[in-house]
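J.: Generate the whole structure from the sequences, applying the supplied hints.
2 protein chains.
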Amino acid sequence: MSKTIRTRLTARPKLGLDSNAFATPSKACPSVSPGKRRESGYSRLVTSKDLQAVRGTRDFYPDDMRLRSWLFAHFREVARCFAFEEVDAPIVEHEELFTRKAGEEIVDQLYHFELHERRLALRPEMTPSIARMVLARHKQLKYPLRWFAVTQNWRYERMTRGRKREHFQWNMDIWGEESVNAEAELIAAIFSLLQRVGLGDGQVKIRVNSRALLEETLLEGVLKQRPDAFAPLCVIIDKLDKIGKEAVIDQLSDPNGDVGLSQAEAEETVSLLEIKDFEEAAARAPQDSAAIAQLRQLFDLLQGYGVMEHVVFDASIVRGLAYYTGIVFEGFDARGSLRAICGGGRYNRLLETLGGPATPAVGFGFGDVVIAELLQDEGLLPDCVRCIDAMIFPFEEEQRPAAARLATQLRAQGKSVELVMAKKKLRRVFSDAETSGAQELYLLGSDEVGRGVARLRNLQSGEECDVPLPDSLSLD
Amino acid sequence: MSKTIRTRLTARPKLGLDSNAFATPSKACPSVSPGKRRESGYSRLVTSKDLQAVRGTRDFYPDDMRLRSWLFAHFREVARCFAFEEVDAPIVEHEELFTRKAGEEIVDQLYHFELHERRLALRPEMTPSIARMVLARHKQLKYPLRWFAVTQNWRYERMTRGRKREHFQWNMDIWGEESVNAEAELIAAIFSLLQRVGLGDGQVKIRVNSRALLEETLLEGVLKQRPDAFAPLCVIIDKLDKIGKEAVIDQLSDPNGDVGLSQAEAEETVSLLEIKDFEEAAARAPQDSAAIAQLRQLFDLLQGYGVMEHVVFDASIVRGLAYYTGIVFEGFDARGSLRAICGGGRYNRLLETLGGPATPAVGFGFGDVVIAELLQDEGLLPDCVRCIDAMIFPFEEEQRPAAARLATQLRAQGKSVELVMAKKKLRRVFSDAETSGAQELYLLGSDEVGRGVARLRNLQSGEECDVPLPDSLSLD
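These protein sequence lines map, in sequence, to chains A and B. In this text, residue positions in the first sequence follow the working numbering: the first is 1, and each later residue adds one. In this text, residue positions in the second sequence follow the working numbering: the first is 1, and each later residue adds one.
Worth double-checking, as some hints may not be accurate.
Given that identical chains are not distinguished, each listed pair holds provided it fits within a single copy or across any two copies.
[What the hints assert, rightly or not] With a straight-line cut-off of 30 Å between C-alpha atoms, the simulated DSS-like cross-links for lysine-lysine are: (1) 142 to 49; (2) 423 to 49; (3) 415 to 205; (4) 425 to 245; (5) 139 to 239; (6) 49 to 139.
Derived from the structure by calculation, the hints contain no laboratory data. Owing to the predicted nature of the structure, the values given are computational and were not obtained by experimental measurement.
T.: What follows is the structure, given as structure tokens:
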């Protein structure tokens with residue numbers, strides 16, 4: 001060893017995460033203080049619009065990305081445990097794929113454009129693309145399909161907490177299974193994810209309802225003469241939480257609207273949504289209600305999965321998309337302070353809407369934004385600090401080829417190795433090793449390389465020893 | 001066991017991959033034959049444009065996705081071994097981020113659009129977004145940065161083999177390191193990837209050149225009076241392989257073009273590009289050429305990494321993007337039958353172009369399309385067949401809650417478990433287990449559940465035994 005090592009490593013610092021975000025929001029440039037911005041031409045430039053991320057989108061710096069990768073790894077691991085297969089589709093689709101079913105809020109929020117005489121759009125959600133893929137190979141696919149995807153979706157909407165213009169979403173869908181056994185598998189998968197990230201003890205409730213139940217009830221009542229009004233009615237009442245009871249009643253009874261109930265009918269409809277007790281719902285449902293029987297079957301089964309204590313019936317859950325046909329569900333933080341964490345349901349008629357054969361289907365979407373807010377509120381965001389196995393430092397450029405050989409050997413063993421590229425002082429190497437979270441440091445001076453060794457220092461224990469360098473032949 | 005098991009499992013079938021594609025191209029609907037299409041309303045619909053993937057894009061069905069995940073896992077694993085940190089940026093950026101440097105082919109190929117009075121574009125490549133991120137936190141970041149990303153990029157271009165309108169790209173970039181030690185790390189990382197996927201024995205060559213070398217030579221020669229013409233000159237000569245020597249000479253000597261050389265000057269320039277021997281290049285370069293010294297240093301270092309036997313000097317490599325300033329490199333299949341597999345180089349002035357401080361940087365992009373073509377040509381595409389740990393089959397719905405408990409228990413152990421959701425014949429269960437690549441089958445009849453067990457069959461050996469079912473309490 002040609003130089004004395006004086007610095008001693010302490011525990012790795014926690015690099016930490018943005019204190020109020022899962023990733024780096026674009027609206028501010030958090031790391032350049034306003035005061036600094038005025039100081040130089042460069043800093044002013046960062047505030048120029050085209051050099052910022054588009055409003056409502058996020059950059060993922062390494063700290064952000066480690067957290068995202070941690071979450072996505074859980075998504076994928078749960079999907080693997082539930083024997084789902086991953087799929088993906090292009091983020092750009094023909095606009096019409098999303099606008100075929102009109103009247104939905106989602107249509108106004110499309111990132112859509114015309115290019116070379118084609119109307120295109122960024123997907124606002126994954127389900128239409130999945131349906132398109134199923135349709136294209138309908139006769140070749142082996143049902144039931146258990147498909148999942150982790151994709152970025154785009155909606156141009158007003159930004160509030162937990163709502164950006166892009167988000168990632170974990171989708172799990174089962175195609176070709178009619179029974180509520182499919183819903184049960186999906187809801188169990190959601191709880192498996194929640195448990196993994198530390199939210200399995202009641203911090204999240206799944207609220208379950210059935211559109212079929214609401215439909216049965218309304219078609220015997222206020223919608224008896226006009227069953228077609230049911231889909232637009234669902235789009236309106238889905239906004240109950242957001243716009244409030246009075247506004248929903250106004251929209252349902254708007255004589256120029258898609259539903260056009262009387263004031264009394266609108267009030268009666270909204271009162272139906274207030275039922276939180278399943279037995280009360282059963283009592284108010286038509287006799288021998290198939291929807292009630294299905295819900296009962298689902299709840300029994302969720303008991304088998306051991307998750308029923310965190311599942312509640314809630315007649316106000318209808319979901320905003322027009323394509324749902326049966327059981328629907330949403331996950332909420334128990335305090336009710338955030339938007340829905342996830343949501344899904346049965347959409348048995350979607351393939352028919354696209355001109356395909358009737359094919360039962362059920363699925364959910366689980367975004368990356370609201371869950372991150374909740375994990376942060378609960379103090380459950382993990383410390384995803386950087387960590388590597390080894391850093392290699394050649395004191396002079398003469399030792400660099402030997403350092404390269406050593407790096408190649410260690411990397412071939414699967415070790416994560418940072419080879420120091422610049423000349424620097426040893427003290428700086430130690431502080432860099434600390435920042436990188438290195439476990440080991442290999443030092444190569446002329447003395448070591450002359451003896452065919454590197455000096456290995458364990459950065460946890462401080463112990464040192466010589467280890468042989470690989471010769472150039474051993475790499476071939 | 002209430003039923004006799006008659007079927008015996010053979011080896012799992014290889015589900016295989018599309019014989020001529022890494023993923024499912026959109027231009028055809030490969031699994032619906034033209035004859036069939038005319039038979040039903042549904043099949044006709046699949047041919048309707050909005051129900052197909054956008055031209056030039058790919059759907060990833062489970063078989064395709066397993067292959068893509070296999071490749072991406074290698075990208076990420078190499079990056080981890082080289083101690084790079086993953087980052088990501090939104091796929092939508094302000095259009096001007098990409099058009100600031102005019103005159104490039106890439107600008108005409110943008111997926112660009114105007115939305116709510118903002119000019120936006122899908123990224124055609126990742127580097128400008130990375131530069132934007134570096135710029136935004138320039139003073140806080142700790143150099144050198146070793147960043148990587150695996151992102152989808154979009155270019156509206158003519159489709160040929162290995163060229164689609166979207167592709168995924170693995171990017172590795174080093175910011176803040178001036179020496180060729182950075183280039184060496186990057187080229188070593190490319191070979192590490194090639195070795196992992198079975199292409200490390202010379203099937204791929206990296207061709208290296210230096211724009212600085214060409215610039216030095218031309219600025220002492222034909223561009224002496226007009227150094228500004230160097231960048232557009234590079235964009236033209238990058239097309240040499242594609243459009244041929246004559247067309248390049250024509251464009252260089254086009255009096256209305258950006259370069260405007262004489263015919264003789266254009267011919268001389270092209271002759272410089274034909275040098276494949278490094279010592280010849282050194283002899284023709286200006287004396288004490290810094291670019292030659294750098295190349296020599298790089299080649300020596302790549303010897304240390306053990307990869308120099310697959311690296312060649314090639315004066316025709318200049319890269320199509322205007323921002324490169326120094327060493328540039330491209331990976332090609334040794335037979336030369338495909339487009340470049342990967343490419344990169346040094347772009348020390350990009351941050352300045354965006355108004356930031358001078359910051360050395362070097363990086364490469366490695367696409368998913370050409371490498372898949374090469375792996376296929378070489379017979380190296382892996383058999384990514386589906387494989388799960390266990391399938392669980394309750395004979396009747398009465399056994400389903402017990403089956404759900406068992407599934408939950410096995411999944412909590414990290415096993416991949418498919419719980420059969422539909423009623424079906426036992427023979428069908430066996431064939432489904434084969435399709436899913438299941439290792440074990442758990443059968444639950446009334447007899448088993450009555451005794452508190454499941455019948456476990458090892459699908460490889462055919463051996464069977466009873467295993468205890470978890471009771472409902474044990475899951476809480």
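J.: Each of the hints needs a verdict: does it hold here or not?
T.: Structure-based check of all given hints:
When the C-alpha separation of residue 142 and residue 49 is checked against a cutoff of 30 Å, the pair qualifies only between copies, where the shortest distance is 25 Å, while the shortest distance within a copy is 49 Å. Taking identical chains as interchangeable, the C-alpha atoms of residue 423 and residue 49 are never at most 30 Å apart, the minima being 37 Å within one chain and 59 Å between chains. In the homo-oligomer, the alpha carbons of residue 415 and residue 205 lie at most 30 Å apart only across protomers (26 Å), although the nearest pairing inside one protomer, at 42 Å, exceeds that limit. For the homomeric pair residue 425 and residue 245, neither the shortest alpha-carbon distance inside one copy (68 Å) nor that between copies (50 Å) is at most 30 Å.
When the C-alpha separation of residue 139 and residue 239 is checked against a cutoff of 30 Å, the pair qualifies neither within a copy, at 38 Å, nor between copies, at 44 Å. In this assembly of identical chains, the alpha carbons of residue 49 and residue 139 lie at most 30 Å apart only when taken from different copies (19 Å versus 49 Å within one copy).
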